[in-house]
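Residue numbers (my numbering), protein chains in the order written: chain L, 797 to 1064; chain E, 797 to 1064; chain V, 797 to 1064; chain R, 797 to 1064.
Hints listed in this document are in silico derivations from the structure and should not be mistaken for laboratory results.
A hint or two may mislead.
Here are the computed distance ranges between Cβ atoms for each label pair [as the list claims (entries may be wrong)]:
1. E946(E) to F881(V): 43 to 51 Å
2. R1059(E) to G897(V): 52 to 60 Å
3. G949(V) to A910(E): 34 to 42 Å
4. A990(R) to M925(E): 51 to 59 Å
5. A811(R) to T813(E): 48 to 56 Å
6. G949(L) to P918(V): 48 to 56 Å
7. E940(R) to V864(V): 32 to 40 Å
Using N, Cα and C, we set each Cβ at its ideal position, and we do this for glycine too.
Protein chains: 4
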Amino acid sequence: MTEPAVASSDASNLAMTAERDGDSWILDGRKWYVSGVLHPRCRYMMTVAHTDPDGPRHGRHTQFIVPVDTPGVTVVRNLPKFGYFDADGHVELAFDQVRLGDDAVLGRVGGGFAIGQARLGPARVQHCMRLIGMAEQALRLMCERSQSRETFGAPVSTRANVMDWIAEARIDIDAARLTVLRTAWLMDRQGDKASAPEMSKIKVQILRTATTVLDRAIQVFGAAGVSDDTPLARWYATVRSLRIADGPDEVHLMAIARRELRRHEVSS
Amino acid sequence: MTEPAVASSDASNLAMTAERDGDSWILDGRKWYVSGVLHPRCRYMMTVAHTDPDGPRHGRHTQFIVPVDTPGVTVVRNLPKFGYFDADGHVELAFDQVRLGDDAVLGRVGGGFAIGQARLGPARVQHCMRLIGMAEQALRLMCERSQSRETFGAPVSTRANVMDWIAEARIDIDAARLTVLRTAWLMDRQGDKASAPEMSKIKVQILRTATTVLDRAIQVFGAAGVSDDTPLARWYATVRSLRIADGPDEVHLMAIARRELRRHEVSS
Amino acid sequence: MTEPAVASSDASNLAMTAERDGDSWILDGRKWYVSGVLHPRCRYMMTVAHTDPDGPRHGRHTQFIVPVDTPGVTVVRNLPKFGYFDADGHVELAFDQVRLGDDAVLGRVGGGFAIGQARLGPARVQHCMRLIGMAEQALRLMCERSQSRETFGAPVSTRANVMDWIAEARIDIDAARLTVLRTAWLMDRQGDKASAPEMSKIKVQILRTATTVLDRAIQVFGAAGVSDDTPLARWYATVRSLRIADGPDEVHLMAIARRELRRHEVSS
Amino acid sequence: MTEPAVASSDASNLAMTAERDGDSWILDGRKWYVSGVLHPRCRYMMTVAHTDPDGPRHGRHTQFIVPVDTPGVTVVRNLPKFGYFDADGHVELAFDQVRLGDDAVLGRVGGGFAIGQARLGPARVQHCMRLIGMAEQALRLMCERSQSRETFGAPVSTRANVMDWIAEARIDIDAARLTVLRTAWLMDRQGDKASAPEMSKIKVQILRTATTVLDRAIQVFGAAGVSDDTPLARWYATVRSLRIADGPDEVHLMAIARRELRRHEVSS
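Chain L extracted, bound-state conformation (with noise of 0.2 Å):
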């Protein structure tokens, strides 16, 4: 989205496997949700793959470039997120004995690990705060719709159950935004290792606010929220993939218990 001229690939669910023959690696595997590989100017995918799946834990993956037209690699298809299809694509991609050379390593073998963690935090921070901007924006079209629109004389807007919607929206974003601002200013401060727990409770909290608002947004304009009229529908679909992308909500949750049982730990 942000930089199209890299593909890359976010859910690596689906295995990969890099194996060392003669001075080259051959790549095989598949990879689905692949952002990016559709945009006209997109020249180099980068992906991970297990170069050593016996290894220790974090040294079994390493990063490669991939020039997209190389041998072997397959556009399968182009995936939605609900009905609506990515021009730049989420695509789901094959790889058939494609045949890569040392220079296509990113970084050190056995360092995708650790890169992937370095891009992530980041790149999360980036996405929550482009969430937050999209709530604010679902907030402000709720508002203005729910005072144009008319329902049995008198303006959405005045009904006690569309306020209450319109005072949790400010105060859940406002929340986030001051989550957001305190993490980034963390990884200013301690760097992005150090912050990743907050990383993981900042997704948690501002998909969950965001689903909200943009569902209640969705309520307040009737058919036209569901419809293509607004970009509540799109947003919503965006929003809700993400729940499950880059880690499902589930995953950061168990996290950050665990680090807060471990805080709070009883001695037997």
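Mind docking chains E, V and R on chain L? Use the hints.
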């Protein structure tokens, strides 16, 4: 969806007027989310228009049967629900000086509201039955997927939060089914009109249940849940849209509350 | 509450053992939240004890009928629920070398689990019926109060958020009633044991419904709602406590989920 | 609670009038949930009364300092919150022809509203800080108990639903703390009055957070959670009551929504 040969417009929030001109009626206005018009066998549309805008509240509307190729009728566009377009269409229609004879009137002039009510009740119950089936299928998919998908070395189905989702789905679907069965039984015994308040209740109850079950099934599936590899995302779009169509939740809740408040009226 | 002449302990989470000593049983241990002991007419207590701790899972327990004035039985204290003490008592009991004869055994030795299960089912349904009545009364009070109480120049009952609460209460209470009726009907037809899974469902469904309805009724009443000028706060304490007593929600949800997962088993 | 030597009435929904009689004021009316009156060192009460009921909206009230032993002042009863009575009292007071001199007026006649607002702001922030501490303690207790309590052979802390509760508590408490800190910073920079909208927000946000955290901590504790063996049930009663005292949630949400709607006004 079930009877595409006659298209119908449930969302009459865009104005349509029918004015008398000699022996004819002249219809002008717009409709949207009209279902079935694009079905290859669709020949007639049913539409409601204001024939007496200042008349008594329930005598202002008349229903018309309109051949789809009547001059002045234009399909403006097909409208999506969360990115999904229905092959049979949920279209926006423009009526521009559409001339119809008296034989186009369905029932009697001024009787449009009564016809609408008569059609809506049974249709609503049928929708609810279908939604229960949809929720059951989503629950089945969630159960199967949670047993076959492993994360961190154990099937997702062993996690207590996912088990809570499954149990809550079972409880809510069963409760919704009983409510629908009771409503259908009431309709058989006391007629559609007397059963109208029950229909408001089942619409809200079942749509909320189905929305939650689908959302959680999507979460259990991960990225596959928002793709088209399962029916879940498309079903979600349908269900979410139905919380707006045919009277949004808020209108039904208001009607239910008014009736309840009257039962416990406080004499002043 | 209904039969104070025999006190009973539903919360057997504190250990109680019964060991054979000649012709006698010696009971030792503690119980808490034992109901009815302080009723002036209470003469006997029913208690369950481990008679064969290492025996087969459902054969470890035996039920005993214990005269309240048996030497070694002490009422340690009356226990509150959210500050409320029941006049008949929810007490903590200590059994210190309490000697009983074989005539104190209810049913047969090792049959305590079966007796407990036989008692729990019907008792649970009866609880649920009472909770529905409680929720109905809370809804009635909420309707009356919201009509008589004015804020900012209009009755609270005209506010859309309060109307939503009233309508949701009506929907949920009616759904809960149907579920209870169906369960009672099943018990009559197929017996208590086969109906056990249904009992888990109604317990969770009705307690959640009643908790929400009471909480919202309290909010409509304002300060009077948390005082003793209405029965709402006391009812809330009862209902909230029942979400823990007799198997917390989470245990029932787990049982429901397991059964549902088995219905959709995935062969490996 | 913090300064029992002067009792105060926050819930002035029962009418109190002060009429001029020669050089004196005659106070008549009732107050309830007046805090601190029963403290052994309480000597004075602060109360607000209507001195100009038909005057300009913010000039109708006057604050008075009333010695507790003034003739005509009666403590009617101590009022509970759920089943809890505060030793220092939340009492109902009757004022029957209570005669006071001009020296009893706090500030100036007609300035009562302004004094109330000036006091409420900082008090609200202080309440919120205390509530955050309470929620933190509840989270700590929940972590400790869930690690030491085993069900079905594993600590409760290993169950994913309980882990979700713990993680959500961490997220919500941290977000609430940031919001309070920001509000306190705004009060220091721009004064209490300009910060009033922020105070509405923190009141709603923190009370909802604390209510949920306490409710879940109670569930983790089981029967001990509703007893007085932990502080949780008493804290719950306090927190739930605060969602009513000092402006119920709904009033604050309405104020927040109105302000937000004005930001996005639609010119007609």
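Now for the hints, and whether the structure bears them out:
no.	hint	result
1	E946(E) to F881(V): 43 to 51 Å	holds, 50 Å
2	R1059(E) to G897(V): 52 to 60 Å	holds, 57 Å
3	G949(V) to A910(E): 34 to 42 Å	holds, 38 Å
4	A990(R) to M925(E): 51 to 59 Å	holds, 56 Å
5	A811(R) to T813(E): 48 to 56 Å	holds, 54 Å
6	G949(L) to P918(V): 48 to 56 Å	holds, 53 Å
7	E940(R) to V864(V): 32 to 40 Å	holds, 36 Å
In the structure shown, no violation is registered for any of the earlier numbered hints.
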